[in-house]
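Those letters in the sequence shown? Residues 310 to 687, by our numbering.
In silico DMTMM-like cross-links for lysine to aspartate or glutamate, where the CA-CA straight-line distance does not exceed 20 Å:
1. K483 - D463
2. K483 - E459
3. K644 - E542
4. K644 - D621
5. K483 - D514
6. K644 - E579
7. K644 - D578
8. K483 - E542
9. K483 - D418
10. K483 - D520
Everything labelled a hint here was simulated from the structure, so no lab data went into it.
The structure presented is a predicted model; accordingly, all values stated were derived computationally and were not measured.
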Amino acid sequence: MSRQAVISTAATVAALAVVIVAWSSGLQVMNATSGSGESILATERIASGADAVAAMAVAPDGRIFLAEQRTGRVRVIVAGLLVPDAVITFVLRASGPEDGLTGLAAAPDFASNNLLYAAYTYEDRNKSDQPLNRIVRFHVTPENRSSDLEVIRDDLPGGDFHNCNTLRFGPDGKLWFCNGDTGWTNDVSQSVASPEGKIHRINADGSIPVDNPFPHSSVYALGFRNPFGLGFEPNTGRLFVADNGPECCDEVDLVMPGGNYGWPYWKGDEVAEAGAPNERFIGPLWTRHVGGITRLLFVSANVVDALAPPRDLVLLVGTFGDASMYALSFDSSTKVRAVQHLVVGFPVVDLAFAPDGAVLLASYSGEVRRIVPSRPAR
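All chains, please: the whole structure from these sequences, using the hints.
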């Protein structure tokens, strides 16, 4: 059967060569060349020294919280300095390459309640050390200590790979999270009854919203392999997801309520496994045949001198394997009209806005940098 797309699959319009041209006093400058001329993207270091960073959350007061995947520590950067002591340390399972402390998010009303959310893998001693994923929330004091830890979601399937790895609050005030297929190649991603291979939507306290597409279920969309990044489009509130394929065929999708994205029968725009059920799978907006895309963030085109009018929005797509990002611009029908390749020189594991509007990049190596806009908004 052919993969039928509710959203039309878009082709890449332009491929750009990007070269790192200078390093000076923490300032990294890149030249991006294309058929429309040359643009400059620069980043500057804010802080470094954290260990194996997997996620980042930014508070309204400017504090930058980092999730250390292997140690289970939540670290914090204050005024450009990494505080030596951890805010909190979780007892976790970190024996595989993709388990551990993998998700972090600040509550939308953090300024009033100081709530931080985290997702991590642990072992259930009552179930033969079975790996599971858990989502918790806790208060952060002005002294950067934790209190009042509360488990809001537990017993999510886990494994060495493809765990619960992204937490994001949407414009609807709901907490959205991804749970991968935990590395299994069966059709668990196709079952609404199973949490694996899904995008989930819950209330801030962990309860199920009454307007979710599947009754009494946190599942919002299914058929994913390793959904890694969630990005909400300003103004429309539409949700985009980055899903990792098997060593290739990573894809960016527009998430529809109740939508089925085809895994394990489809990867990107290719057949992955014969015998697909008679389902209407949703096709990707964009695919990349080298694996490793990570987090997503919509930014103004002027920030990265993208191939779009300065006031337009582009979707930044981080990557892990080749230390770069992509800037995708869309037309009114959500087809990708241009792609810009931006080398940043380190694996981008997370993207976020600072309170002043600067775009922050977190590296797995423990460094946080900010993008220096290449041109002013017009």
